[in-house]
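Peer 1: Listed below are the residues making up each chain.
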Amino acid sequence: MAAAVVVLLALLVTGGAYAVLASASRAEANARAAQSLQIDEGRELFLENCSSCHGLRSEGTSDGPTLIGVGAAAVDFQVGTGRMPLAAPGVQAKQGPVQFTAEEIAALAAYIASLSPGPAIPTEEQLAYEDANLGEGGELFRTNCATCHNFAGQGGALTQGKYAPSLEGVDPKRIYEAMLTGPEAMPEFADTTLTPEAKQAIIKYLKTIEAQPDPGGVGLGRIGPVSEGLAAWLIGIGALIAVAVWIGARSS
Amino acid sequence: MSERETAGASGSGRHFTDRSTDHSPDLATGGATRDPSAHREEPEADYGHELVPGLTHTPRRTDIDPKAAKRAERQVLGLFLLSVAGTLVFFIGFYAVQLDSAENVGLSTKLLGGGLGLALFCIGAAAIHWARKLMSGEEVVQERHRLRSSDEERAAVIKDFQRGVEDSGVPRRKAILGGLVAATAPLLLTPIVLLRDLGPLPGRKLRETVWTEGVRILSDVTERPVRVADIPIGGYVAAIPETLLDLPHEGSAQLAERGKSAVMLMRLRPEEIVSQQGDNWGYEGVLCYSRICTHVGCPLGLYEQTTHHMLCPCHQSTFDIADSGRVVFGPAARDLPQLAITVDNDGYLVAKQGFTEPVGPSFWERG
Amino acid sequence: MSVTPKIVGGTANFVDERIGSANFVRRSINKIFPDHWSFMLGEIALYSFIVLLLTGTWLAFFFKPSVTEVVYSGPYGPLQGVEMSEAFASTVDISFDVRGGLIMRQIHHWAALIFVAAICVHLFRVFFTGAFRKPREFNWLLGMGLLTFALLEGFAGYSLPDDLLSGTGLRIAHGVLMSIPVVGTYLAFFIFGGEFPGDDFIPRLYSVHILLVPGIMLALITVHIMLVWYQKHTHFPGPGRTERNVVGYPFFPHYVAKAGGFFFIVFGVTSLLGAFVQINPIWMYGSYKPSEITAGSQPDWYIGFLEGSLRAMPNWETNIWGHTVSWNVLIPSLVLPGLMMTVLALYPFIEAWVTGDKREHHILDRPRNQPVRTGLGVMAIIFYGILWINGGNDIIADKFNLSINAITWATRIGLFVLPPIAFVITKRICLGLQRRDRETLLHGRETGIVKRLPSGEMIEVHEPVPSEDRVRLLAGASPRPPELPAAYDENGVPRPGNRRERLRAKVGNFFYRDQVEKPTEEELAAHGDGHGERAEELPPAESPAELPRH
Chain A
1 MAAAVVVLLA
11 LLVTGGAYAV
21 LASASRAEAN
31 ARAAQSLQID
41 EGRELFLENC
51 SSCHGLRSEG
61 TSDGPTLIGV
71 GAAAVDFQVG
81 TGRMPLAAPG
91 VQAKQGPVQF
101 TAEEIAALAA
111 YIASLSPGPA
121 IPTEEQLAYE
131 DANLGEGGEL
141 FRTNCATCHN
151 FAGQGGALTQ
161 GKYAPSLEGV
171 DPKRIYEAML
181 TGPEAMPEFA
191 DTTLTPEAKQ
201 AIIKYLKTIE
211 AQPDPGGVGL
221 GRIGPVSEGL
231 AAWLIGIGAL
241 IAVAVWIGAR
251 SS
Chain B
253 MSERETAGAS
263 GSGRHFTDRS
273 TDHSPDLATG
283 GATRDPSAHR
293 EEPEADYGHE
303 LVPGLTHTPR
313 RTDIDPKAAK
323 RAERQVLGLF
333 LLSVAGTLVF
343 FIGFYAVQLD
353 SAENVGLSTK
363 LLGGGLGLAL
373 FCIGAAAIHW
383 ARKLMSGEEV
393 VQERHRLRSS
403 DEERAAVIKD
413 FQRGVEDSGV
423 PRRKAILGGL
433 VAATAPLLLT
443 PIVLLRDLGP
453 LPGRKLRETV
463 WTEGVRILSD
473 VTERPVRVAD
483 IPIGGYVAAI
493 PETLLDLPHE
503 GSAQLAERGK
513 SAVMLMRLRP
523 EEIVSQQGDN
533 WGYEGVLCYS
543 RICTHVGCPL
553 GLYEQTTHHM
563 LCPCHQSTFD
573 IADSGRVVFG
583 PAARDLPQLA
593 ITVDNDGYLV
603 AKQGFTEPVG
613 PSFWERG
Chain C
620 MSVTPKIVGG
630 TANFVDERIG
640 SANFVRRSIN
650 KIFPDHWSFM
660 LGEIALYSFI
670 VLLLTGTWLA
680 FFFKPSVTEV
690 VYSGPYGPLQ
700 GVEMSEAFAS
710 TVDISFDVRG
720 GLIMRQIHHW
730 AALIFVAAIC
740 VHLFRVFFTG
750 AFRKPREFNW
760 LLGMGLLTFA
770 LLEGFAGYSL
780 PDDLLSGTGL
790 RIAHGVLMSI
800 PVVGTYLAFF
810 IFGGEFPGDD
820 FIPRLYSVHI
830 LLVPGIMLAL
840 ITVHIMLVWY
850 QKHTHFPGPG
860 RTERNVVGYP
870 FFPHYVAKAG
880 GFFFIVFGVT
890 SLLGAFVQIN
900 PIWMYGSYKP
910 SEITAGSQPD
920 WYIGFLEGSL
930 RAMPNWETNI
940 WGHTVSWNVL
950 IPSLVLPGLM
960 MTVLALYPFI
970 EAWVTGDKRE
980 HHILDRPRNQ
990 PVRTGLGVMA
1000 IIFYGILWIN
1010 GGNDIIADKF
1020 NLSINAITWA
1030 TRIGLFVLPP
1040 IAFVITKRIC
1050 LGLQRRDRET
1060 LLHGRETGIV
1070 KRLPSGEMIE
1080 VHEPVPSEDR
1090 VRLLAGASPR
1100 PPELPAAYDE
1110 NGVPRPGNRR
1120 ERLRAKVGNF
1130 FYRDQVEKPT
1140 EEELAAHGDG
1150 HGERAEELPP
1160 AESPAELPRH
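Residue numbers (the working numbering), protein chains in the order written: chain A, 1 to 252; chain B, 253 to 619; chain C, 620 to 1169.
These aren't lab readings, by the way, just hints derived from the structure by calculation.
Remember, predicted model here, so these are calculated numbers, not experimental data.
Cβ coordinates follow ideal geometry from the N, Cα and C atoms, glycine included.
Errors might be hidden in some of the hints.
Stated by the list, open to error - Here are the simulated lysine-lysine pairs, DSSO-like style, with alpha carbons at most 27 Å apart: (1) K457(B) x K322(B); (2) K753(C) x K977(C); (3) K753(C) x K1125(C); (4) K411(B) x K426(B); (5) K1125(C) x K207(A); (6) K1046(C) x K753(C); (7) K173(A) x K1018(C); (8) K753(C) x K94(A); (9) K1137(C) x K1046(C).
As the list claims (entries may be wrong) - Partial chain C-side listing against chain A, Cβ under 7 Å, derived: (10) G834; (11) F895; (12) S1022.
Based on the sequences and whatever the hints tell you, model everything.
Peer 2: Below, the structure written as structure tokens:
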């Protein structure tokens, strides 16, 4: 009798263990299967939409650079901001309407990531910037970013018609991805040189000054003395000359 | 050329002769009287035509209609009242708004400035409206006094001056004047000499930085050392020398050194590098260049990884990092100085040597 | 019956018994000033200067002109814990921690921008109307001096807060100093008290900005205004106006009210700008470090033309026996403005020499009556304007999707191509306007009313020019330039100084030769004083509305 119980227990234990382990490995297998499904989907999308410029194996052509090693983050950024697929030829890809759904973008990203290791899409933890050091963020921003994007992130000109776009209203994830992957002319700020903490501080600084009202009044675009000089001439001198004309006009 | 006539006195305008300007100041030798006929001797401005009609005066509404004048008076008073309201807004804004947030700073600024602006503007508008509507609208003519002194006055001045010169004795004792000049001239140099201690002589300061063999390259702001593997292809790192931080913190010694020794690390694919300023000055595709533009000294930083061009935001000098920092556009005349780098035993990037030329803007003694 | 209160009488008596001021006061009360809006542009500058003095004094009570490093601990979040100079920190404190601080800073800065702009429009008015001619050349020179000091003062002022943007400007100024041959490095080290940025420069700039330059400017302004007062203001041609008089309104009460009122208006407008439009938000620029910079770095607008010239200059530099001459820096930042200012300052004397005009002028020119002068002025403005626009070429490129390289090249070429074109166009426009004046004088104004004569002919009725306008339109008959002197005198000997005379006469000829002659008395009479082509007698005062309509 005792033996039957022991055998039953043993059967239960082994059966249960198998069930658990099998389900775990099945989950993994499912995940892997799902992942390979996603990569396949990504490859399909890539071949249909991207390979004409980036090459059948994303090795690059004269129309587009290689995507080997750019990482999921680059794909998420470029396609997620509508820069890719390239709407029109020009010096620079412009932000535009997003052409793919979130799943499709994830699939494309997974495919490109599968070709060669590259920067991964930033995690929630990497994007948590609320506790970052605001003052240091400002210093980092002014040292690394303001020279292209201007002191308030309003953007600026590069050579030959290229430009560093305005960062106003840009999602923190996109800012992180851009720093990480260096889209087009922008250099790459890898997490090894500009750590996640540093990136968070920069994002926090940007978001803080973006939300901050201009205490002095109308901000005039936050681009500095050019717009201020225009205002001084048009509004200041304009109003004062108008008053002078009134003073000197013959009274009726 | 037709002779010009003063026809301005005719017409309905009030003619106001400013007789008080007609007399010359009393001189010690007796005042010379103005000679009216002396007017005609000087070549004078030609008006061109005789047709200079007199002034006409069209009365204003407020001149004719007392109701309109009263209305204008009320408008002036209203403006003064509005001005008081503005001042009140100013006082309220000053005392009621605490500067505890950016919004409140903004509110305070608008209330103070708006109130003050309104107050001032309304006083001004009231005064001008008052003058335009209620003060006399008739134009008045006033004669210009002759600017040139009369010949008699001039002669008198010359005579007095010559008498004074005679009195001073200089014509007979010419050496005195020479002595005066000889004494005052060197005195004028004393303030120039006093300026000498404004600053030190340049010495070797423009040629030297703290960069020398073995100085570690630190990432700017975070002050972390850098490994080659940390920098991806197309990467950019703003960097400073480790020894910069050893300089005294008080005073501007660190800032001054920063303005010379700030550098940038950029990583290119080795096959992209066309030339460097020396053999193997880079390390595995990592190149180190001065961050200070050679035009007038602005810091660089607009690195385009696709073209490997470095753009200066001040005057758009553009340097080719892949080609010895050569100037490819803009007003900079000299290539960007390169710093030779290698790695130390711990694998961190260090300088191989200091800069081999002065960094930053050109100067006369540069060579 | 006296309306003046007793205290006024009492004070006047007190002063008069000591200084004897009745004569001066009487002359001042009755002094006549002409009334034209364009005569008030200099006033805008004067009143802006007063606003600057008042707001600047207040700011000086709070600003700390020191570069000692402090750690910010004030209310502005993004700068918490950041190291900065005391100068910068005190400016942030003024903005966020002192009631009225931000508005005073903004009024002060707006007033500075308006001050220089007003000087410029005033300069344009004086130039285009020829008010700089004898006897006012010295006043012109004073004005040029004031313009130069105003530029320096403004540059010094916005550099005091030691923020990233203005510090960059100082760095550029330092680089410019260094480019000066022979003495450049010494000048730079002496002025900055050592290497850039140094500990001494901000405190020194402070003394220059609050004491030295304002003192000099105050003195120059005083002499400038005293001269206008003494020489009396010029006036435009018009009814009753001659070279011998000035027509307008008395100083008291008229101009006390108008000019005094205008001061309040200028102060008011500047305050309103300061209240509602942000300027120089230094807290967003950050404290200056020579290793940081922002895209779109520009100086204040009045230095912009130098920024543009620095950007457009080709990169010429020569090495002479171990010494470097940086033409790429010297020419755009020192040589060019030096030349521009010098030519501008000497212009009255150049024009007087060229035209041989030694007469006094109190009646202004209408710009159209001096086509060459007006053309030269517009040419200079276009030249300046191209440089000014290029100073903002990166902002323009960014906002309008252009290439900064293309804009720079457009500037390099446009700088030499566009001004002469502007000259020709302006001169032609002036001559065209002169022609129209002549037509108006001879044929009157077209009323657009068509009248049918009994003979069946249709004519357009022309309204004769009212006499006040006729005076204006007739003004401006230009003298002929001096005759080209004979190359040889009666003995066949070449005349000394002949080349110079010939050059002068040639340029003078160019200056005056293209003119549309004003109608003579006879011509005016022959055309029936502006009536229609037919000798239809129309009473001069008839208004077009009264004519029968067919």
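Peer 1: Each hint needs a verdict: does it hold in this structure or not?
Peer 2: Here is how each hint holds up against the structure:
no. : hint                : result
1   : K457(B) x K322(B)   : violated (76 Å)
2   : K753(C) x K977(C)   : holds (7 Å)
3   : K753(C) x K1125(C)  : holds (22 Å)
4   : K411(B) x K426(B)   : holds (20 Å)
5   : K1125(C) x K207(A)  : violated (67 Å)
6   : K1046(C) x K753(C)  : holds (24 Å)
7   : K173(A) x K1018(C)  : holds (25 Å)
8   : K753(C) x K94(A)    : violated (61 Å)
9   : K1137(C) x K1046(C) : holds (17 Å)
10  : G834                : violated (25 Å)
11  : F895                : holds (4 Å)
12  : S1022               : holds (4 Å)
Of the numbered hints stated above, those contradicted by the structure are hints 1, 5, 8, 10, listed in ascending order.
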